[in-house]
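2 protein chains.
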Amino acid sequence: MPLIECVPNVSEGRRADVIAALGAAIAGPGIHMLDRSSDASHNRTVYTFAGEPDPLRDAVLRLFAAAVDAINLQIHDGVHPRIGAVDVVPFVPLRDATMDDCVALAKSTAALVAERLHVPAFLYEEAASNEERRSLSNLRRGGANGVALRMKQPAWRPDFGPDFPHPTAGATAIGARPILIAYNVNLASNRLGVAQRIARLIRESSGGLPHVKALGLQLDHSIVQVSMNLTNYKETSMTAVFDAIARDAAVDGVRVLESEIVGLVPADALPADPVRRLKLRAQDLDRVLERRLPPL
Amino acid sequence: MPLIECVPNVSEGRRADVIAALGAAIAGPGIHMLDRSSDASHNRTVYTFAGEPDPLRDAVLRLFAAAVDAINLQIHDGVHPRIGAVDVVPFVPLRDATMDDCVALAKSTAALVAERLHVPAFLYEEAASNEERRSLSNLRRGGANGVALRMKQPAWRPDFGPDFPHPTAGATAIGARPILIAYNVNLASNRLGVAQRIARLIRESSGGLPHVKALGLQLDHSIVQVSMNLTNYKETSMTAVFDAIARDAAVDGVRVLESEIVGLVPADALPADPVRRLKLRAQDLDRVLERRLPPL
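In the order they appear, the protein sequences are chains A and B. Using our numbering, the first residue of the first sequence is number 1, and each one after it goes up by one. Using our numbering, the first residue of the second sequence is number 297, and each one after it goes up by one.
Do not take every clue at face value.
Listed below are several chain B residues computed to face chain A (Cβ distance under 10 Å; list not exhaustive) [stated by the list, open to error]:
(1) Ala312
(2) Pro351
(3) Arg353
(4) Ala406
(5) Ser425
(6) Trp452
(7) Arg573
(8) Lys575
Please keep in mind that the hints were generated in silico from the structure rather than gathered at the bench. These figures come from a predicted structure and were not determined experimentally. Even for Gly, the Cβ is constructed at its ideal location relative to N, Cα and C.
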């Protein structure tokens, strides 16, 4: 049977009781909990779990039911752009699963979320109903308010559900995509400009490395970060990205401090001895997807 | 909770064991079986049942699973145009249900049929994704072969599932529509032309009565039939239709023999004393929807 990963991003990263309750709602027969990561400043939690299609769909429906009760987007704050209480729900093919399996699961899940909870649902990436809706950033343009206004237009009607947001839970984007690696490289500098210049150099959209999205961030008074999504790690590896950043930083006389993984990575994405090769934080060595999956 | 009616048309009207097995697949908790009617010459069975959305969806999925096993459309014959083993699945709002409830249920059911059974599914009538797909006759144009060829074109891709038919079960149309009355008036004549002329006179598409579809059929050597669907019985009643047919038949010197109901009708669609007023067959007097529904 196909094993699929689900990585919902939920708009709550502060209230520990709510974060735990939503995790408990996801848990159930056939669900393998792999990871949970909350960010208070983004006010956002990412749950990572895997299973076969039917248990996964049920788990996502339980998550939506719990989130609709516990989260009120109207009084939500946080720096991350978001359109809903359960903001984004990607399905990712793991072993024995195809992208078509994930597309079908995204559609049936979105249809049921809209039907049972009256949350308008957009399909995105591989599950999108047209090219314009593939990109999450396109869908999310203008945040919750932009989406609420746009969904009255025929071209931006939700794929499922009403053409107005849920009063507390907003809207949601449900889709299918390949494995994505969230990878950050921290630089020993207090100059945000250095991280921003490097991000611009390496991201695909400004002519850098293929399948790389990158952003420069200020972490604290002595560290800046190049924060990335690697959308095809077989074409552009963590190592290739690390080397490009180290080289570009050296031009500014800046040293790479360490690198970090957010969520999980496939085993074959890591080089031998990643602590030495990528200056990977030692605590991230166990963030390997296969080690947390159920045995075959 | 909303009560919804489901009236699937299945491409099997001869093998009693298969007809019974498909009925048994539908039966389950929360399902109220209302009617079953098989037609051997059309090789077709219509099941009528009601329930709340979740039990109904499960029942339809069980029906599809059973039909995929028991029916092979490749070796099917019968005069009715059909595109699949489970050919058409309409959802109809009854008490406390809205058309939106039925549209949402049609979409989630179609998504799951495609995902679990790999049967391509088209949404029709109120659930249709565009105007061209609303009409069942438009969707079914060219029968199973026409649909199989057409579904490779972007404009006629199924709403859910693969762009090729299931090897044994073909494709399916799942939709939402208001209550429809299947009503036939039998004429004491052996002249098919009379029934055909009357059908043309009364059907909406050739300028007759609104919300009436009609066809002239030869039943046997002494009876012809005007076979109808009344798609809005509050606007065009059974009585109005009966009177128009009786009047038109008299022009040809032909007498109305009797009228008959196929399936069920709402109580308020029948006049007082329908046996006298509509020459309704006495055995059809119990074909009243409300009498078979579960009590409130």
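Right, here's what the structure says about each hint:
1. Ala312: It is violated, given that the least Cβ distance between alanine 312/B and chain A is near 33 Å, above 10 Å.
2. Pro351: violated (13 Å)
3. Arg353: Since chain A brings a Cβ to about 9 Å from arginine 353/B, closer than 10 Å, the hint holds.
4. Ala406: Holds - the Cβ of alanine 406/B comes within 10 Å of chain A, reaching about 8 Å at its closest.
5. Ser425: OK, holds: serine 425/B within 10 Å of chain A, min 9 Å.
6. Trp452: Since chain A brings no Cβ nearer than about 15 Å to tryptophan 452/B, farther than 10 Å, the hint is violated.
7. Arg573: violated (42 Å)
8. Lys575: This hint is violated: lysine 575/B lies away from chain A, its Cβ roughly 43 Å from the closest one there, beyond 10 Å.
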